[in-house]
Amino acid sequence: MNEKVNPYKPYMATVQEAWYETTGDRCIKTLKVLFDDEEVRENWSHLPGQCTMIGVLGVGESMISISCSPTEGKFLRFSVMRMGKVTQAIHQLEPGDKLTVRGPYGNNFPVEEWKGKRIVTIGGGIGQAPLRPIIEYVKANRSDYEGLTVIYGARTSADLCFKNELKDLRNCDGVSCHLSIDIEEEGWPHYVGFVPSLLMEVNPSPENTIAVTCGPPIMIKFVLQNLKKLNFADEQIYTTLENRMKCGIGKCGRCNVGNLYVCKDGPVFSYATLKNVPEAFA
Amino acid sequence: MVDLENLRTIAKETISREDVKYFIGWREGTYGFSVSPHFVREPAEADKLIFSPLCSNNLATYLTLAEKLPVPRGQEPDTRKVALMVKGCDSRAVVQLLVERGIEREQVVVIGCPCQGVIDTKKVEQLLGQPENVVRARWEKGKIICQLPDGEKEFIKEEVLAQKCLKCRYPNPVIYDILFGEKVEPWCQEEDFQEVKEIEGLTLQERWDYWQEKFSSCIRCYSCRNVCPLCYCEDCILDRLNPTWINRSVNISENTAFQLSRAFHLAGRCIECGECERVCPVNIPLMKLNKKLSKAVKEMFDFEPGLDPEAKPLQASYRPDDKEDFIL
Amino acid sequence: MSEKFEPNIVAFLCNWCSYAGADLAGTSRIQYPANLKIIRVMCTGRVNPLFIVNAFQQGADGVLVSGCHPGDCHYMEGNYYARRRFSLIRELLEYIGIDPRRIHMSWVSASEGAKWKDVVEKVVAEAREAGPFDQFRRNKINW
Amino acid sequence: MESLKLDKDKLKDFIAALDSKKVYAPQKVGETIKFAPVNGDLEVSLDFANTTVPPKEIVFPQTETMFLFEQGGTDINLTKGGAEKVLLGVRPCDARAMSVVDNLFSWDIDDPYYLDKRKKITLVGLACLEPPLNCFCPSVGGGPASTEGLDILMTDLGDAYLFQPLTPKGEQLCQLSSELLQPAGAEDNARAEELHREAEKKITREVDIKGLAEGLPSLWKSEIWKEVAEPCLGCGICTYLCPTCHCFDIQDEMEGLDGRRCRMWDSCLFKEYTLHASGHNPRPSRRERQRNRINHKFSYFVDKFGVTACVGCGRCINLCPVNIDIVDILSKVKEAL
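Residue numbers (my numbering), protein chains in the order written: chain A, 1 to 282; chain B, 1 to 328; chain C, 1 to 143; chain D, 1 to 337.
Only chain A is shown next, with the shape it has when bound in the complex (with noise of 0.2 Å):
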């Protein structure tokens, strides 16, 4: 079998950097990943949006969302929540580990078609992981972009991931950012409640604006609800989709909703095609 063209054969990376955004029983940790191979690392390309099967040989692949931007340079960043058996493997990994990735895989947000656009991204949880690629491209190609908000929420202050570079973006020109918390906690400047709520006191305007959300499927309904009272059309919303995944290439079977393959269609979407379908949101 020819070695090149074998999709499921991984290419080994390393990681280089390793830290914890969050702590507790669901923690995330996000790692910094170099390839191996020097003609991998070259050859590489991905868009924001866009996922990997990483995995640590004898434990498994899991399917996770890029968290960096390829502007960001010539790594990987994955945020992962510890979860099942392969994150928890995932999570035991230091700087000098090897894992596996294979990819890219799926669509990506359209975000050549958005320039000129306001986009407005709305995250819960770890949702923010894969928006986060969208904020680092925006700012790189800032000029493009007519704006950018950043509305964000999880369940306590502890549970925020990116801390630092949300605070940085205050700083950048254009760009709002907006955090909330479910629960009040002592010291918290910012808004108490939950992400639809927040949305709807940021109140943007539908206006040449883009919006994308991602979060835990409750939130995610809702915010869907509110971006409609908010005038939004359908084809100016996009959210993403996950479901259990094994082989990443529309094979295995196992991640459809409906007609749509998340690991081939998807993992991102209009709510203009995803209304139609009725498993999407189960």
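Since the hints were derived computationally from the structure, they do not count as laboratory data.
This structure is a prediction, so every number in the text was calculated from the model and none was measured.
Treat each hint with caution, since some may be false.
SDA-like, lysine to any residue: derived pairs with alpha carbons at most 25 Å apart [as the list claims (entries may be wrong)]: (1) B:K312 to C:K37; (2) A:K275 to D:A213; (3) A:K275 to D:D116; (4) A:K9 to D:D116; (5) A:K85 to B:V250; (6) B:K288 to C:L50; (7) D:K226 to B:V250; (8) D:K332 to B:N242; (9) D:K221 to A:F232; (10) D:K332 to B:V250; (11) C:K37 to B:Y22; (12) D:K271 to B:P72.
Examples of chain C residues toward chain B, derived with CB under 10 Å [as the list claims (entries may be wrong)]: (13) I30; (14) L64; (15) F86; (16) G97; (17) V119.
Cβ coordinates follow ideal geometry from the N, Cα and C atoms, glycine included.
Knowing the structure of chain A, use the given hints to seat chains B, C and D on it.
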């Protein structure tokens, strides 16, 4: 003769009760000798109910197979009873479930159906082929009568009945709220474990070869597990990935491990309804494994599961003087 | 191969009696065969029969489960349950053709260093007689 | 291409002449009928109707090693490709199933494991002259003598087999044993055609699948699915033994320091199939799972590849322990549309 009118009346009365959710019985299948479990929710649906020598499904499975989905906010969980028809062997499954507290007595209405043995479709299809139209069958004077398009055919028990039924000692339900039909005289008094003894008579190597051949055809569809009324763990060891006890890959080593653990988890619990063997698409003689353990349980602990609702589960109890001649 | 064959035995020892008994045998400088891979469990009641099956799958030629004498269990009754379970799995394994000389259970208390030696010698000798057990190996099949 | 004839008593010689390739034929292995390698002293019989285990397991084994590795290592050793194989006595439905599944495994990104085996296989089909009861291949676009996916179609003429080579691969195979095969006459071909027609008439079960692909999603909330799922045990018989079901799982296995990544059949009727690590399950009950099974076969697959992922072999009907009958379901769906 089975009085179907009476059965349907019982079902209608039961389903009309306020405290009954649904009634599980059997109905005719879609072709030949097939029969399907039938869930009655409306009295009108009761008219499809049948009880015949073709009703081999053990409906006690559905007591634990029903999925417990989260109750939507603002709604009360449905705690009404489930009514189900049981043959003699099936009723032992209900008893064993009560012993293990898999279900509570007040959750079920048991309609006991004395049974004179069910047909093994594999056997009868060898004799008659697969008829296109639905076949009806009935017991008559110790014989089995099949209604075929070209007239009725009469069989003696040995010709068509399932193996488990030929040796059945409990044709009458051991537990019931309503008895449907007349109790029948058991035709077998003593379990002789003949099939088990045959294998025990082989040398170790012969036994190993015998079982390896059987296990090698296992496709791990887990039908034997799912159909078993007593395999009802929420989180089965076979589905566990962390740690993985039995790998999902299908090869002789994992298949053997799977079959051993399936059989072992039923040690002292198997009520010998034979469903696992009936459903197996690759015809593994699973009852020969289960029966071996039944024999061991009988000989070592003088215990038979599924008879006394007050009994203690075999492996969750002990006697200080249990046999221990094998211990060094 | 048969002359040189040294059986691989996996032994599940209870923390309170047999493990201490084996320890005593060691500190008393009692020599016993070195074929054992000892896995300490808190009680023989912890030994899931699948452990035994799994040991065979991973290349054990024999398995030993050893705990406190009846009545001496640190947890009052763990070894009684273990005994029932073991007697059944032993029957089942023998029934599918696994040599009973590969499957042993023993009671060895913390003070029975000498008995431990006898048990191990017997277990190893029997497993040696039974020969190598490869048919059940995971990766020998079709990797 | 010219039709040929092989005397029945020369079947053994025919197989022997193919010795450069591995020949598989339906055989009783243990208590199961499946495709197994033919070895010299075994009497080959092609009289079995559908095998219990479909020949998909030859091109898509139930468990297949993808690559080997060592713990802590970085080398990945891909499995080598397999040998050339000939499948003798494949039923037309099973061959059609392979051409259906080809769509999926060569869609967008090629699946090297499947395609390698698929390319190296020659399918010698045998027309079904006595179709079993639960076959309904004509309803889903096939037939007891359908040639789709086959390289050679054989027809049992009583004392001889008629060979109709259909592809260059089939012709090549016939050349390997050219001295055993005689040219067939026009009357043989006519006889075969007549037998094929008669066979098709013997199939009694039918269902009209027109409009299902578009219609099924509209029945999303229908009570039909509850009715179907209620007796369902949630076992894998119907999917594992379906010649077109192709879903798989990928697992890593370790033994000591040796490890392998392998893939194995999986079934959409299992709970863990879609279970997220968080504990959330987008298809929480058998109702959703059965709905997905039917929708996938008759709607999603049609949307994607233009063919129905069911070839009417009847295995799921025959083997279902609780008589969940796909023809019956589809007729109910049709009624509800």
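Each hint, compared with the structure:
Annotation: proposed proximity of B:K312 to C:K37 is violated, straight-line Cα distance about 36 Å (limit 25 Å). Note on A:K275 and D:A213: the hinted pairing holds, with a Cα-Cα distance of about 19 Å set against a maximum of 25 Å. Restraint check: the Cα-Cα separation between A:K275 and D:D116 comes to about 39 Å, which exceeds 25 Å; the hinted pair is violated. In summary, the hint linking A:K9 to D:D116 is supported, as the alpha carbons are separated by about 16 Å, within the 25 Å threshold.
This hinted pair checks out: A:K85 and B:V250 have alpha carbons roughly 21 Å apart, not beyond 25 Å. Pair hint B:K288 plus C:L50 holds up; C-alpha atoms about 20 Å apart against a cutoff of 25 Å. The hinted pair formed by D:K226 and B:V250 fails the criterion: a straight-line CA distance of about 32 Å is larger than 25 Å. A distance of roughly 41 Å separates the Cα atoms of D:K332 and B:N242; the hinted pair therefore is violated under the 25 Å criterion.
With a C-alpha separation of about 28 Å, the suggested pairing of D:K221 with A:F232 is violated against the 25 Å cut-off. Of the pairs offered as hints, the one joining D:K332 and B:V250 is violated, with about 36 Å between alpha carbons and a cut-off of 25 Å exceeded. About 55 Å separates the Cα atoms of C:K37 and B:Y22, which puts this hinted pair outside 25 Å; it is violated. Our distance criterion of 25 Å between C-alpha atoms is met by D:K271 and B:P72, whose separation comes to about 21 Å.
For C:I30, the interface hint is violated, since its Cβ never comes within 10 Å of a Cβ in chain B; the closest pair sits about 16 Å apart. The interface hint given for C:L64 holds, since its Cβ lies 8 Å from the closest Cβ of chain B, which is under the 10 Å cut-off. Given hint, C:F86 at the interface with chain B, holds; its Cβ is 8 Å from that chain's nearest Cβ, closer than 10 Å. A distance limit of 10 Å between C-beta atoms decides the matter here; for C:G97 the minimum to chain B is near 3 Å, and the interface restraint holds.
For the restraint placing C:V119 at the interface with chain B, the shortest Cβ-Cβ distance is roughly 5 Å, inside the 10 Å limit, so the hint holds.
Violated hints for the displayed structure, listed by number in ascending order: 1, 3, 7, 8, 9, 10, 11, 13.
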